[in-house]
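Dock chain H against chain A, hints included.
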Amino acid sequence: MHPFTLERPRDLPAALAFGAQAGRNDAPAEYIAGGTDMVQLLQEYVRRPDRLISLAGLLDNRVEIGPQGLRLGAAATMADVAAHPRIIEQFPVISEALLNSASPQVRNQATMGGNLLQRTRCPYFRDVGYAACNKRAPGSGCAAVGGENRWHAVLGTSEHCIAANPSDLAVALVALGASVEVRRAGGDRTVPLAEFHRLPGDAPHLETVLEPGEVITAITVPASPMARRSHYLKVRDRASFEFAVVSAAVALDMDGGTIRQARVALGGVGTKPWRVPRVEAALAGGGLDPAALRRAAALAADGAQGRGHNDFKIELMQRAIVRAVEIAGARA
Amino acid sequence: MSSDEITRREVLVLTAATGGLLAGGQLMWGPVSPAAAQDAASTPTPLEVMLRINGKEHRLTLDPRTTLLDAVREHLHLTGSKKGCGLGQCGACTVLMDGKRVKSCLSLAALMEGREITTIEGLAQGEVLHPLQAAFIERDAFQCGYCTSGQIMAGVACINEGHAGSPEEIREWMSGNLCRCGAYDHIVAAIQDAAAAPSATQGG
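In order, the protein sequence lines correspond to chains A and H.
Oh and the first sequence: position 314 is 314 in the working numbering, straight run, nothing missing.
Oh and the second sequence: position 124 is 1124 in the working numbering, straight run, nothing missing.
The following block holds chain A by itself, in its conformation from the complex (with noise of 0.2 Å):
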């Protein structure tokens, strides 16, 4: 690891003033939570902070629900959110999202906050050993465009970054609708999950929307009878312990036979959580036979781009959507 000073501030507002920045490799400052993904970077020279801020024991982590819907507080770990009966009972795609996640000792470091901010598996942004990644150091190009590129986006891409956003959580979340809190010396501000994560554009090193100093606090999730009937497909390499090659979350509102309303949101294929609404305005008022799935499904194609080996994707993607809307819509 690059030397830095490690500081363990007493209270949330000290460690505020620090002005730490998310999710930025060239941050002179940087905060760290339960470290799963911050300390692997941190090994691998990808991160190189002069400063690293403790957020352990600063933050809520509580699980809130109530008539307004879900809170989780951004200490909150993936095991314990995971578990909690009443996200089994009322927002299954979440306890589901974050079951397939990791490994259960990762679940029981990880928080929620850690999780929406943990970086790209892209394994040229991840090994220092290639000169090119714009995420790592803007404006040096990037390996994975005419690279090994299996596990990279095909939606929301450009030329300067393929990298898909690996978080599982945050595609159950943005199908959701869910907001993120973020704090600052300032006060407070709510961000839609949606607009949390920027697309890469010419700036892939720039994340999310979250200025220095700034930390997130908290997660909310709207009520919604749709949330009940939800699920999280997630189709990967290996049974367990593995990234999404391609996920769907979906929750639905069902009128007999009938789609009232959908949700639906794609991860491993986007550069951040996406949501398909083209998709989900199809499913409205249709039924659940695989003709009309299939057709609703085809939409989330729309300015799809495969760089070769991750062509399968977007085929699979729409495969996934069908078989999750599938699932969704037997359950109870």
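Worth flagging that the hints you see were computed from the coordinates, not collected in a lab.
Since this is a predicted model, take the numbers as computed values, not measurements.
Incorrect hints may appear among the rest.
What the hints assert, rightly or not - Here are some, though not all, of the chain H residues that point toward chain A, as calculated from beta-carbon distances under 8 Å: (1) THR1043; (2) PRO1044; (3) VAL1102; (4) LEU1111.
Ideal Cβ positions, reconstructed from N, Cα and C, are used throughout, including at glycine.
Just chain H, lined up with the frame of chain A:
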């Protein structure tokens, strides 16, 4: 048998009890990058850290980069916890933090103050092995032994969490621990045995 020979069973007991077979070593070494060589010259300000390991308090002076794994291995000489990948992928470093399994290679030691850490060395009650340690010996649940202490610590947590109800469930909930020798069938059997033992949820 000559007096300085040890039996396979003795080796197995030593490994299951303390992870001691390869106590001195790290199985895989990464290449030293130019960045690592350069950074060795500039050492950050050390931190005073109080760690509670296996019921005992230890005051250590640590480089802030020290992981919990390196603190227990290199500073406290508790070498049962192993460094395999150092990146959270293999599970050989698994310890319990406040009773929950974690990867000690992904935790900075200075951020573990106030936590109760249990390593493989803290599992047995004196000379009496934890039921899962005994089951690993009985089931011959390892070959080289490098992953074993991590497997046992994760297995203890797996049982305590109630995730050892079937071989399929055990395999899913033990997926964070890799065994390059492929002893998985015997590991699953050992966890099933220990889960069925009346005292299995003690320890840790």
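Status of each hint after checking the structure:
1. THR1043: This interface hint holds because 7 Å falls under the 8 Å limit.
2. PRO1044: 4 Å, holds
3. VAL1102: Because about 5 Å separates H:VAL1102 from the closest Cβ in chain A, which is inside the 8 Å limit, the hint holds.
4. LEU1111: 5 Å, holds
The structure shown violates none of the earlier numbered hints.
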